[in-house]
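Here the protein sequences line up with chains L and Y, keeping their order.
Numbered according to the numbering used here, the first sequence spans residues 2 to 366.
Numbered according to the numbering used here, the second sequence spans residues 532 to 597.
Read the hints as simulated data drawn from the structure, not as lab findings.
Being a predicted model, the structure only gives us computed values, none of them experimental.
Do not rely on the hints blindly, as some may be mistaken.
[Claimed, not checked] Pairs of lysine to aspartate or glutamate, DMTMM-like flavour, derived with a Cα cap of 25 Å:
1) L:K324 - Y:D563
2) L:K324 - L:E308
3) Y:K594 - L:E308
4) L:K61 - L:E43
5) Y:K594 - L:E57
6) L:K11 - L:E57
7) L:K128 - L:E79
8) L:K91 - L:E308
9) L:K323 - L:D338
10) L:K242 - L:D264
11) L:K118 - L:D129
12) L:K324 - L:D264
13) L:K11 - L:D267
14) L:K91 - L:E43
15) Y:K570 - L:E237
16) L:K215 - L:E79
17) Y:K594 - L:D129
18) L:K323 - Y:D563
19) Y:K570 - L:E79
20) L:K215 - L:D264
21) L:K274 - L:E43
22) L:K323 - L:D267
23) Y:K570 - L:D15
24) L:K11 - L:E79
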Amino acid sequence: MKLDNALARKVTRDGLISVVLYIAPIILMFASFQIFGYRPWEGSNGFPFRAPAFIEAVFKNLSSWGLPVIVLVLGVIEFAAGLYENKWTKNERILDIVCFVVPKLIIRPFVAYFGLKFLPLVLPDAKDAFGWVPFWWAFLIIAVADDLTQYWYHRLHHQVPWLWRFHRTHHSATYMGMAMASRQNVIYTLFFSQTYLTIALTYLGLGYAALFVKVIKSFITTGAHSSIPWDKPFYEIKGLKPIGWVLERLISTPATHHAHHADTSDDGVGYYKGNFGNMFFLWDIIFGTGIITRKYPSSYGIKHYQEEEWYAQFMWPIFKSKKEGSELSHNGPVVGDAVPDRQEPITLKPDITTTKVAVPTAAVA
Amino acid sequence: MLSRGISVPILLAAFIANRYYYIFINMFTFSDVVLLARKIAVGILLTLIPFVLIAGGIWLAWKLFI
């Protein structure tokens with residue numbers, strides 16, 4: 002299965018627009034320096050931003066242990082409230098828990114090696130080279146860089162058929178909740194491009210802003226996966242509607258992201274072929290890959306899910322599924338994220354209750 | 532005859548191999564290695580392109596300013 006030409010052209014066009022989006026904050030930053038005669042690299046950065054110590058401590062703790070604890074507590078509440086219904090089978094339960102715990106243990110050493118050993122080796126003189134970049138500009142640069150990169154990483158795993166199976170685990174569950182945010186194949190998580198990009202920019206001196214972006218992004222993405230429809234009041238209360246209009250175009254909400262996890266696009270609510278945004282939904286608006294309905298899908302998952310074993314979903318292609326015909330089995334089909342077209346065989350059985358037999362008149366005679 | 536200390540791990544290994552043989556015999560074929568290499572290459576490109584744009588962009592603009 003290859004990309005069709007129209008899709009390849011659209012990916013190329015959107016890729017070129019992304020180049021402009023990546024460098025836009027830098028152009029704006031230097032334009033502001035020009036206008037205000039500001040030269041922060043000369044030591045004129047008289048107001049280097051430092052968050053109040055209390056706020057800084059909150060963000061540091063959230064970044065290290067606080068967010069996993071919040072997700073865990075909210076996840077337990079979701080479970081207790083029966084939001085997983087009876088769909089949380091033993092296999093799904095093990096998969097969700099393994100996906101929540103294991104990456105936290107194995108990805109940190111990779112990231113630490115990349116930041117502390119690899120980067121000093123390849124860019125020995127670049128450490129803190131851009132430490133002079135003012136906080137709010139660094140915040141904008143990191144927010145765009147991190148989230149736009151994740152948008153592309155995510156989008157390509159949907160639109161390039163041979164990449165889909167690395168992302169399939171995230172979509173296989175027939176329920177939605179906090180656990181979905183971390184439910185990923187380990188290879189998918191390990192090679193998250195935006196993680197390494199943000200670490201590299203941190204090495205160059207933008208790390209203080211990266212801390213705040215990371216925490217805010219985690220809250221938005223977890224909230225978008227959550228089964229708590231926190232966005233609903235923005236669609237129903239008249240005074241909040243203008244804020245809702247901006248919000249649903251700017252960031253991922255439960256309505257837009259749940260649509261991405263729907264098992265069908267045919268009902269006009271679900272849209273698994275788009276709504277790829279993680280923190281910002283703006284990318285979907287810019288590239289025309291999103292739909293906004295303000296409704297929640299009635300069912301989630303993928304139509305061709307075979308409830309593959311948790312280890313196959315977590316470790317594919319290292320471990321394979323035993324299920325025959327599964328995408329994750331040995332030599333399994335490359336289906337992609339689309340629902341395969343199945344030609345249902347048409348049975349041509351005569352209906353004996355209504356069948357009339359024409360009797361030749363000659364025979365009667 | 533094997534001593535008890537050696538036979539227990541061997542029996543355990545035999546049990547695991549028997550129970551999970553399917554996982555191990557299909558583990559990591561050559562085509563999987565190729566697939567993984569392509570996947571990692573996509574990841575590297577998606578990291579490298581924005582990094583060059585951003586780091587190069589800041590450096591170039593700064594050079595033009597000073």
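>> Flag every earlier hint the structure violates by its number, smallest first.
In response: 3, 4, 5, 6, 7, 10, 14, 15, 19, 20, 21, 22 and 24
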